[in-house]
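Novice: Protein chains in written order, with this note's numbering: chain S, 1 to 98; chain X, 1 to 121; chain H, 1 to 753.
Read the hints as simulated data drawn from the structure, not as lab findings.
Model, not experiment: these values are computed from the prediction.
Check before you lean on any hint, since a few could be wrong.
Stated by the list, open to error - Have a look at the derived ranges for each label pair, beta carbon to beta carbon:
#1 GLY33/S x GLY218/H: 19 to 29 Å
#2 GLN29/S x GLY218/H: 14 to 24 Å
#3 LEU265/H x GLN29/S: 55 to 65 Å
#4 SER30/S x PRO221/H: 13 to 23 Å
#5 LYS264/H x GLN29/S: 38 to 48 Å
#6 SER30/S x GLY218/H: 20 to 30 Å
We put the CB at the ideal spot given by N, CA and C, even for glycine.
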Amino acid sequence: MAGKKSEQSLKLAAVLDLNAASVLHGKLQSLRGSDITVDASAVERCGTQCVQVLVAGAKAWEADKKTFTIGPMSGAFEQTMQLIGVNFEQILSKEIAQ
Amino acid sequence: MKKKVLTVDDSRTIRNMLLVTLNNAGFETIQAEDGVEGLEVLEECNPDVIVTDINMPRLDGFGFIEGVRRNEKYRAIPILVLTTESDAEKKNRARQAGATGWIVKPFDPTKLVDAIERVTA
Amino acid sequence: MDMNEIREIFFQECEEQLAELETGLLKLNDGDRDPETVNAVFRAVHSIKGGAGAFALDDLVAFAHVFETTLDCVRSGKLEPSQDVLKVMLKSADVLADLTNAARDGGTVDESRSRALVKELEALANGEQPAAHAAPEPVAAKPAVAAAPAPTDSSGFQPIPFSFDDFGGEEEEVLMVAPTYTVTFKPRAELFSKGNEAALLLRDLSRIGEMSIHCHTGDVPTLDRMDPEGSYLSWTISIKTEKGEEGIRSVFEFAEWDCELDIKLAEEAEADDERPMIPVPFDLSLLEDEPAIGDEPHVGMHVEPVVAAAVAAAETATGVMQAAAAASARAEKKEAPAASAAAQANAANAANAAGQTIRVDLDRVDRLINLVGELVINQAMLSQSVIENDNNGTSSINMGLEELQQLTREIQDSVMAIRAQPVKPVFQRMARTVREIADITGKSVRLITEGENTEVDKTVIDKLAEPLTHMIRNAVDHGLEMPEKRIAAGKNPEGTVRLTAKHRSGRIVIELTDDGAGINREKVRQKAIDNDLITADANLSDEEIDNLIFHAGFSTADKVSDLSGRGVGMDVVKRSIQALGGRISIQSKPGQGSTFSMSLPLTLAVLDGMVVTVAGQTLVVPLTAIVETLQPEAAAIHSFGATQRLISIRNSFCPLVDVGRILNFRAQQANPVEGVALLVESEGGGQRALMVDAIQGQRQVVIKSLEANYMHVPGIAAATILGDGRVALILDVDAVVGASRGQSLRQEMSLAS
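With the rest of the complex left out, here is chain S (with noise of 0.2 Å):
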């Protein structure tokens, strides 16, 4: 269903250090209300606070009930994801549990 309105698309920027976190916080209240992928292919660098922005954002779409896609990955971001112990799944999945 490619093209069709309601789903976007965000590709995150290589370097998601605290500068960025205010940025994408923007982007995600801008996408709000339709199906939403987030592109991680090319992020270098990734921070813990846009790492919460992130968190934020599944929660948000999981209370509006569209889905909140992470993916593609980078290694970069994959590894980080990894050593901070932070798993979209499990965000996703705790809230709908609740």
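Once you've looked at the hints, dock chains X and H against the given chain S.
Specialist: Just chains X and H now, kept in the frame of chain S:
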């Protein structure tokens, strides 16, 4: 990619030591002699990490750190302060000014590189 | 650049910092309370300490530390920099200089002096606090460490290997016995705003042991209510490490103020928590690398909210395996490129670091100067022979030669400029001399220096220190009065000695002025009579009397004090200045003080001279000595006494000096009308007319020492080689003028030796 380190120190001796140590460890090193020059150079080189002394003419380390943290573009850069063991007070002030960490002088090359590795991705 | 070079730089910098220190302290002493002055002083000591620490110069570090502590009190306003305080500080600056020198050149310092100062400094800094607390170690009971740091010291500068291999090896052995800790970590927003990063801290934590992690995401607010730069995540970590709690804390060293951190030894059989702990691979390259080539982005986890839960666990497991495998592969690849990258970095940065100055061995500069000297001579010889063999003066060869001459001269000037240095270091040393002699004599003295940045050839600077030291001693010892006497005379009890340097017409002029009693002419005159320097009825001008103090063995002090007892008189000072091609003169006003002025050439290698003929010999007269040249007319010449003659120039009389006669080039007096008179200014400021037979021209000559190649010849300063290859002697104008005053050249020579 090589990590870029900006060092700010008014002592030629220390600047040379930093240069040798950092180059040997495979960093790209940019050097400034005081806080004012540090802030100028910052704009040009966009370093991955900054190592700064505290006691410097024109603009000291505290002022320099505050300057970096106030800068919209560069405020997220980790800053390591060169300090002496006895300077607990200075360490505190540096932290309040926004320093990320510190290296106790006389620095040992391993410790220096270690500290840089710790605060950079 | 190696450690030895940096060490050299360190000592150079020490010298600069010591100069800064002294300048600043003197400013403070003058009542300057600019915080930047205090800061500069503090920084100077701090900087010396910092560098000394790196070279393990413990004595220097220890003293600098105490000094710094006291200066910090001044800086923070806890200690008022009164004159008494500054006295201690200035002395400390001297000791710091001694310690620096001892560290560089070996030798020892006066321990009792430094130990006493450490006590004084500590007392100033601590007041009632116990003194032992401030200094880690009072200055060295052992002799100052002089030797260069052992070669092993530089081992610290070997490339830092990127490999963590040995690290990993240890780890494996350790795993069996290592205890497990439970760490809870909750960063505050400040942690991030100061440039720290939770992910990096967790990465470092993962490096010290086998770790599993759970991230608490429950505190993350809804998207619209969150502060993107806030801090909402927290972690519970289980880590098995041999590094202990200490090791874990050290990971959070930079962050512990900006987070909540709790570390507990985990229970042996920990009840399996509900939260799933995700194992973190012992992965060091994690986060360090950009995505490696060929590391394709993993296929995304497309999660349908309702069905995903069941699949999640399995998928996570594979994810972990993949990440771990990819990461370890990358860790292996990493080493080789890192090494070559380091090499490249070295090359690139060496170029960057070259900066604005280079250090060159003095010998090389001197060799260059010598060669340029030869070039100048060669060029002159070439010009000469072209002129002699070519009667067409406008030929292109001549034009070319003129350009060559111009170029040669420019090269020479540029080469000379390499050796030019400011007189500052010498002046700075004088400040110390003043302090020491003031202490010994019990006089209160302030030294004011001006023009410290005036540059002059390094050789001149090196040779300036000794005569200057003696003159300063003389000025304080003999020139300045005791405080009581000064008060009685309505003067400031503190005497002033002013040392200035400036450039004047191609020479450097150094003046030393004191505001003491001035020369006691009656006493000087009497002494000169007693010593048979003058006859009792000699009619001498004030100026001439003043100049008597430059005669050998002359001492005006009634008793020989500790200082002048070192056996150097002003005659020796004068000799040393003359040996440098300089002149010295004195002006004195009774009750107001004296001024010694020295005029020295900027370089000792070349000289602008007038080439003249005297009794068939070619002589060079330094141009700087010549005021004007004139053709004497018979009517202007007046005889005076048996042999003396005067020439009248614009209504004043000036003694004629027969150069040929004085140098014994001829037995008879020359006829002034047949020659040329060179009006010269002699050291006392008086003018004399030097009689020569003819003027050949002016040229720059390269000075060749006679002493070094032959021996000292009275009345002759040095020699040179002219364009035609002939050797010409350079006239010592002052010696010749002095000889005309009645002292024979030989006599003066014997007095000096």
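Novice: All hints are to be evaluated individually against the structure, with a verdict given for each.
Specialist: A quick look at each hint next to the structure:
The beta-carbon spacing between GLY33/S and GLY218/H, approximately 25 Å, falls within the hinted interval of 19 to 29 Å. In this structure, GLN29/S and GLY218/H meet the distance hint of 14 to 24 Å, their C-beta atoms being roughly 21 Å apart. LEU265/H and GLN29/S have their C-beta atoms about 44 Å apart, which leaves the hinted 55 to 65 Å range violated. For the pair SER30/S and PRO221/H, the beta carbons lie near 18 Å from each other, so the given range of 13 to 23 Å is met.
Here the CB-CB span from LYS264/H to GLN29/S is close to 39 Å, well matched to the stated 38 to 48 Å. The given range of 20 to 30 Å is respected by SER30/S and GLY218/H, whose C-beta atoms sit roughly 26 Å from each other.
Checked against the numbered hints given earlier, this structure breaks only hint 3.
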